[in-house]
Structures are given as structure tokens and as C-alpha cells.
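Given these sequences and hints, build the entire structure.
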Amino acid sequence: MAEITLVEAVAMAQVRAMQDDPTVLVLGEDVGRDGGVFRATDGLLERFGPERVIDTPLAEGLIAGMSVGLAAQGFRPVAEIQFMGFVYPAIDQIVNHASRLRNRTRGRLSCPMVLRMPMGTGIKAPEHHSESMEAMFAHVPGLRVVIPSSPMRAYGLLLAAIRDPDPVIFLEPTRIYRAVREEVEDHGEAAELDRCFVLREGGDITLVTWGAMTRETLAAADALAEEGIHAEVIDVATIKPLDEDTILQSVGKTGRCVIVHEAALTGGFGGEIAARLADRGLLSLTAPVRRVAGWDTVMPLPRMEDLYLPSVARILKAARETVSYQ
Amino acid sequence: MKPETDIGTPDLDPRRYWPLLRYLDKAGAAIAPLPDGLDDRDILVSLYRAMVTTRTFDQKAVSLQRTGRLGTYASSLGQEAVSVGVGASMHKHDVLLPAFRDHGTMLWRGVTMTEILQYWSGDERGCDFAGPREDFPVAIPVASQATHAVGVAMAFQLRKEPRVAVCIVGDGATSKGDFYEAINACGVWKLPAVFVINNNQWAISEPTRMQTATPTLAQKAVAAGIAGSRVDGNDVVAVHDVVSRALDEARRGRPQLVEALTYRLGDHTTADDARRYRDDAEVSARWQEEPILRLRNYLVGRDWWGKADEEALIREVRAEVDRAAEAYLALPPQEPTAIFDYLHETLPPSLAGQRRMVEDGDG
Ligand SMILES: Cc1ncc(C[n+]2csc(CCOP(=O)(O)OP(=O)(O)O)c2C)c(N)n1
Numbered sequence: 001m002a003e004i005t006l007v008e009a010v011a012m013a014q015v016r017a018m019q020d021d022p023t024v025l026v027l028g029e030d031v032g033r034d035g036g037v038f039r040a041t042d043g044l045l046e047r048f049g050p051e052r053v054i055d056t057p058l059a060e061g062l063i064a065g066m067s068v069g070l071a072a073q074g075f076r077p078v079a080e081i082q083f084m085g086f087v088y089p090a091i092d093q094i095v096n097h098a099s100r101l102r103n104r105t106r107g108r109l110s111c112p113m114v115l116r117m118p119m120g121t122g123i124k125a126p127e128h129h130s131e132s133m134e135a136m137f138a139h140v141p142g143l144r145v146v147i148p149s150s151p152m153r154a155y156g157l158l159l160a161a162i163r164d165p166d167p168v169i170f171l172e173p174t175r176i177y178r179a180v181r182e183e184v185e186d187h188g189e190a191a192e193l194d195r196c197f198v199l200r201e202g203g204d205i206t207l208v209t210w211g212a213m214t215r216e217t218l219a220a221a222d223a224l225a226e227e228g229i230h231a232e233v234i235d236v237a238t239i240k241p242l243d244e245d246t247i248l249q250s251v252g253k254t255g256r257c258v259i260v261h262e263a264a265l266t267g268g269f270g271g272e273i274a275a276r277l278a279d280r281g282l283l284s285l286t287a288p289v290r291r292v293a294g295w296d297t298v299m300p301l302p303r304m305e306d307l308y309l310p311s312v313a314r315i316l317k318a319a320r321e322t323v324s325y326q
Numbered sequence: 001m002k003p004e005t006d007i008g009t010p011d012l013d014p015r016r017y018w019p020l021l022r023y024l025d026k027a028g029a030a031i032a033p034l035p036d037g038l039d040d041r042d043i044l045v046s047l048y049r050a051m052v053t054t055r056t057f058d059q060k061a062v063s064l065q066r067t068g069r070l071g072t073y074a075s076s077l078g079q080e081a082v083s084v085g086v087g088a089s090m091h092k093h094d095v096l097l098p099a100f101r102d103h104g105t106m107l108w109r110g111v112t113m114t115e116i117l118q119y120w121s122g123d124e125r126g127c128d129f130a131g132p133r134e135d136f137p138v139a140i141p142v143a144s145q146a147t148h149a150v151g152v153a154m155a156f157q158l159r160k161e162p163r164v165a166v167c168i169v170g171d172g173a174t175s176k177g178d179f180y181e182a183i184n185a186c187g188v189w190k191l192p193a194v195f196v197i198n199n200n201q202w203a204i205s206e207p208t209r210m211q212t213a214t215p216t217l218a219q220k221a222v223a224a225g226i227a228g229s230r231v232d233g234n235d236v237v238a239v240h241d242v243v244s245r246a247l248d249e250a251r252r253g254r255p256q257l258v259e260a261l262t263y264r265l266g267d268h269t270t271a272d273d274a275r276r277y278r279d280d281a282e283v284s285a286r287w288q289e290e291p292i293l294r295l296r297n298y299l300v301g302r303d304w305w306g307k308a309d310e311e312a313l314i315r316e317v318r319a320e321v322d323r324a325a326e327a328y329l330a331l332p333p334q335e336p337t338a339i340f341d342y343l344h345e346t347l348p349p350s351l352a353g354q355r356r357m358v359e360d361g362d363g
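Protein sequences appear in the order of chains A and B. Each residue of the first sequence is one higher than the one before, starting from 1 at the first, in our numbering. Each residue of the second sequence is one higher than the one before, starting from 1 at the first, in our numbering.
These aren't lab readings, by the way, just hints derived from the structure by calculation.
Reference listing, derived: stretches of chain A covered by chain B, where coverage requires no fewer than 3 residues with Cβ under 8 Å from a Cβ of chain B:
(1) 65-71
(2) 95-109
Residues from chain A that face chain B, not an exhaustive set, calculated with beta carbons under 7 Å:
(3) Glu51
(4) Ala59
(5) Gly61
(6) Gly142
(7) Asp166
From the three backbone atoms N, C-alpha and C, an ideal C-beta is built for every residue, glycine too.
Below you can see the structure in the form of C-alpha cells.
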């Protein structure tokens with residue numbers, strides 16, 4: 001079994017989905033001949049031809065809107081938005097149409113589409129290429145928002161997203177597109193959506209995170225272990241709908257929680273998780289829930305992006321304070 | 001050679017490049033032989049009947065709104081020829097992607113009056129069309145349905161089905177990027193799609209000249225590399241002819257844009273008062289060229305229609321509309337939990353608690 005990167009796992013899942021189901025189509029800017037600017041659709045055109053791997057005009061509203069039309073007609077479009085910063089022209093289609101087609105037609109029409117896009121910092125890209133706006137999508141009723149954190153989970157979750165009968169926003173953290181390699185078996189099995197993954201067990205504190213921040217969070221857990229603090233690390237994976245039971249169970253055990261995300265603090269999805277803990281887990285908490293997040297600033301240009309990104313040191317500080325809270 | 005310094009003013013004379021197709025003049029006299037197939041009493045009477053039905057339905061909907069029994073409603077008064085002409089040109093298996101004023105097209109396609117009333121009363125079940133199962137519900141965000149038509153047309157092309165996606169937008173909608181993105185993509189892929197611009201001269205209070213500096217909207221097709229044409233939208237014969245031909249062309253992979261010139265005789269919606277921005281004189285002048293009278297005059301002139309026909313038709317149509325309104329008013333309400341039940345195919349466990357609260361009346 002080959003060790004592959006996250007972006008290769010994304011490509012592998014798309015190949016598998018297209019092999020298994022002739023209604024799966026891939027579309028987007030440069031997804032065909034070029035194989036995607038990150039190569040996430042590499043090789044698809046050669047394998048499946050231009051009728052199923054479609055290079056679109058440069059128009060994000062079109063990409064999302066035509067996916068709605070294709071999906072309503074029984075296809076399963078997997079559309080790529082080149083970078084998350086360019087998804088905004090497509091928001092109208094996602095919020096006003098994709099997310100609610102099933103609901104507004106009482107199930108007569110549905111919208112089994114996936115909108116994939118790279119998100120987040122870490123590749124020193126130009127302006128508008130590095131935002132993490134997952135909370136914006138999570139706020140929209142009717143959408144699933146999925147963020148893989150490893151090659152294996154990217155493969156399984158993307159297969160699940162493509163097979164899901166409803167629209168899924170699939171956010172791929174560019175920072176870990178190639179940062180780790182993992183053995184991924186092309187077994188064709190989907191991972192479970194709407195479930196958190198417990199990446200590491202521990203009884204002293206729960207660290208909740210998703211996407212690329214799982215790396216810094218796991219590194220922080222390693223460092224904490226050396227200090228004798230055993231952290232449980234949860235990868236939320238599907239942030240909407242949220243599997244709050246897994247998080248509550250963990251916090252029920254540890255009594256302490258730090259939430260880590262790259263997106264800006266205010267209105268970030270960490271606030272939602274903290275609110276759920278306040279609502280249903282307050283009595284098991286022995287310390288206030290802390291959040292370590294990006295600053296409430298415009299995402300800086302590459303020279304300053306490391307300053308923006310929550311560091312292992314910031315996570316450690318918050319975790320130590322939470323554990324020692326009396 | 002000297003470079004051309006005068007970039008000049010392009011010749012945009014619409015009469016030269018974008019002739020307006022018309023068969024019946026404003027008074028209903030034929031100015032050209034009617035096209036093959038349409039010079040037929042039964043067909044013309046069916047179009048007439050559909051226009052009268054649409055107008056009668058509109059009047060009913062407005063009066064239901066005025067008496068507090070319907071929500072905000074967008075009437076199609078004066079635009080019946082575009083609406084009906086488009087519907088009558090489509091094949092059953094084509095797919096309609098309508099704007100919110102295209103009741104005549106939807107009725108012709110088999111959406112029921114009860115369903116349309118239900119939708120405008122704020123009940124989602126009105127979009128679960130019993131008839132045209134693949135047609136889209138009306139799009140409220142202007143022009144947003146244009147890109148859906150691209151996907152639908154691409155589905156037809158991929159499956160090699162001889163079907164067409166038919167999208168209707170208003171003149172205001174042509175100002176939006178979606179519209180251009182859609183016609184452009186159809187040109188690139190040669191998709192079986194027809195876009196009909198229902199140019200009723202106004203987008204709420206803004207006249208067409210505040211939407212565009214181009215003398216016609218049909219010419220927007222040029223930039224998309226597709227065919228464009230213009231038709232008198234108050235002449236149902238011309239609309240039927242032009243749109244039918246556009247559909248034939250689209251079925252052969254030649255996407256089409258049709259601008260139909262008509263006029264909104266009513267308010268924008270029941271929440272609007274058009275007198276704030278529009279002269280009475282302008283409106284009453286436009287009543288002289290409205291589509292229903294025009295076709296009736298033609299039919300009467302051919303001895304194909306008389307007073308008795310008219311009276312019988314009015315009786316029948318009123319009865320039909322009244323029955324639909326009664327059926328609408330008698331509909332049982334949706335279950336409160338219905339707001340959860342179509343959100344996803346299966347309800348995510350995390351939402352089950354919220355659904356239970358509504359079920360228990362804790363909402
Ligand atoms: C994107 C968007 N912006 C604003 C509105 C509010 N609005 C509803 S109808 C309308 C005017 C539409 O004009 P036009 O496209 O010419 O269609 P008409 O109403 O004349 O049939 C506006 C501005 C809307 N529905 N969608």
C-alpha cells in the first residue's frame with residue numbers, strides 16, 4: 001500500500017467515486033487538462049474524458065449554480081472552487097439554492113452536490129488565498145460542512161460526501177495537502193459523516209479541533225504528555241451537523257476543554273462548541289472553556305501569516321492554564 | 001499605415017440588426033401571413049384561453065391578497081402572451097426554470113392554480129408540483145435560476161436527450177452576472193438552453209434604460225456567442241413562433257436568447273404601488289396594445305370567435321379559478337415538524353432534539 005498525501009487521497013476518492021457511479025461528474029476551473037491547481041483532480045480527465053471532467057469558464061456563481069441544475073437532474077457534481085477566497089460569488093447559489101432545494105420542493109428535487117475547496121493558511125499564497133470561513137457555511141441550514149485532517153480521512157470523508165444525497169461543503173486545508181503521508185487503502189469505503197474522530201485518548205483535558213490545526217494540537221498534546229498532562233484530542237471533521245455527544249462525553253471525562261481553530265475568534269465555530277458545552281456540559285466542567293483561534297484581523301499577507309496562526313505555544317499556554325484552573 | 005484613431009460609435013440601430021418579429025399589429029390585424037401551424041383556430045383559441053385563464057387567475061390571486069388570504073403576489077397582468085407563448089412552445093419533457101412572474105407558463109406546464117396559490121401563501125408544498133416533476137420552482141433571487149438552466153441543459157446534453165432547459169428572466173435580471181455567466185457557458189458548451197427575457201420595461205421602479213445602455217437586450221447574446229432575437233411580447237403568435245424556433249435550434253445544440261418586449265400593466269407585486277414611479281398616461285397608452293384584446297380582435301376578425309364564445313369562456317375560466325381558490329383555502333396546514341423533514345434526506349441526530357421540541361409544542 002502506498003503512502004500518499006492528503007491531496008492525492010482527494011484525487012483517489014474522486015477516481016473511486018467516478019468508477020463506482022457514472023453519475024459523478026467533476027467540474028471547475030482548470031480541473032481537466034491541468035488536473036487542478038493543487039492537482040486534486042490529476043489524471044481524472046485522461047481516465048474519464050471531457051464529458052465527466054469539465055473545465056468550466058471562470059465563473060464561481062456558474063460553477064455552483066450549474067451544479068444545482070445537474071444535481072436536480074440526477075447527476076452528482078463534485079465541483080472545485082479554486083481557493084476559498086473565491087467562493088463568495090457562489091454563496092448566493094449555495095445559500096439560496098443548493099442548501100434548500102430539497103426543503104423548498106418538499107423532496108421533489110434534491111441537490112446531491114459536493115463543493116470542494118482549499119482553505120486556510122500555510123502555503124504563503126497571495127491575498128485572498130488563505131482564509132478559513134467554515135463558520136459561514138456552518139451557519140447555513142441544510143448544508144454539511146466537512147473538513148478532513150489526514151489523507152485517510154480525506155479519502156473516506158470525500159467518498160461519503162459524494163455519496164451523500166444532500167449538498168456538502170468539503171474544505172481541504174492547504175497547509176496539510178502535502179505535509180503528511182499516510183498509507184491509504186483504496187477500499188472504496190466511506191468514512192462516517194456527522195461524527196467526530198478521537199485522535200488521541202487522555203483523561204486530563206479535551207482538545208477539540210479540526211482540519212490543519214490537528215497537527216499543532218497533536219504536537220501540543222505530545223508536549224503536555226511530557227509534563228504528565230494527558231490530553232484527549234478530538235477532530236470534529238464534520239462541523240455541521242455537529243456530533244456534540246462525542247465532545248460532551250470526552251469533556252464529561254476530563255472536565256476541561258480547549259477549542260483550537262485557525263479561523264478568526266469572533267463568530268468562529270469554536271463559539272458554537274463552547275455554547276453547547278455551556279448548555280449540556282456545564283456541570284462536568286471544572287474550568288472555563290477556552291478558545292485558541294486566529295486573531296480577529298484580516299488574514300495577513302504571507303510574511304505575517306505565522307503570527308496569525310494559532311501556535312503550539314498558544315495552545316500549550318491555554319491548556320496549562322485550563323488544567324491548573326482552581 | 002496610420003492607426004485608426006477614431007474608435008467611433010458603434011452602429012447599434014436595433015431596427016437594422018435586431019428586428020422585432022410581429023404578426024399581429026396592436027389592433028390585432030395580421031401584418032404578415034401567420035406562420036405554418038399557427039394559422040389554425042383551435043391552436044389560437046387554446047392560446048387565447050390560456051391567456052384569459054392566466055389573467056383571471058391573477059385577478060383572483062390579487063383579490064385574495066387584498067382580503068388577507070394570500071401573501072405578497074407578483075401579477076403577470078399584461079404579460080400573458082410571453083408567459084403562455086413560452087409554455088405552449090415547450091415540449092412536455094423540457095424543463096422550465098421560471099422567474100416569479102411566469103404563472104402562465106407554469107399553468108400551461110401543468111402546475112396547478114392551487115399549487116401556485118399555496119406557494120404565494122407561504123406553504124412550501126406548493127413547489128411539490130404534481131405535474132411537471134422536473135420543473136424548477138420560481139427563483140426569487142433575480143437571475144439566479146439562469147445558472148441552474150446551464151446544469152439542466154448539460155444533463156440533457158450528457159444523456160443525449162432531445163430536451164431543452166427553458167429559463168425566463170426579467171429585463172432587470174440581465175444586469176446580473178448570473179445571467180451573463182449562464183448564457184456565456186451555454187455558448188461555450190453549445191447547450192440545449194433557451195433564455196427568454198421577459199422585458200416588461202420595468203424592474204420595480206427602474207426602467208430598462210437604467211439597467212443597460214444597449215438599445216436591445218437580445219444583443220447581449222453576441223458577447224456570449226449565441227443567437228439572439230427579438231419578438232413583440234404582446235403578440236402571442238409571434239412569441240409562439242420565435243420561441244418554438246428557438247427551442248428547435250437549442251435542441252440541435254444551438255443555445256438561444258429571445259427578448260420579448262412587453263409591458264407590466266400592474267404593480268410590481270401586491271406590496272408595490274407603481275403610481276409612485278410611473279405615469280398613468282404611460283400605463284393607459286400601453287393598455288391599447290395588450291395581448292389578450294389583440295388576439296381576440298384577430299379571432300373575431302376571422303369569424304373564429306364571437307360574443308357567445310367569449311361569455312362561455314369567461315364562465316368556465318371563472319369557475320375553474322374559483323374551484324382552485326376554494327381548494328387552496330380548504331388545504332390543511334402542514335405539520336409543524338415539516339420544517340425539519342425535508343432539510344436533509346435523513347434528519348441528522350443533532351437536529352432530532354430541535355424537531356422533538358417542535359413536536360412537543362415547545363417551539
Ligand atoms: C438578487 C435580487 N435582488 C433584488 C431583488 C428584489 N427584487 C425583486 S423583483 C426585482 C425587480 C426585477 O426586475 P426584472 O428582472 O425586470 O423582473 P420583473 O419584476 O420586471 O418581472 C427586484 C429588484 C431580488 N428578488 N433579487
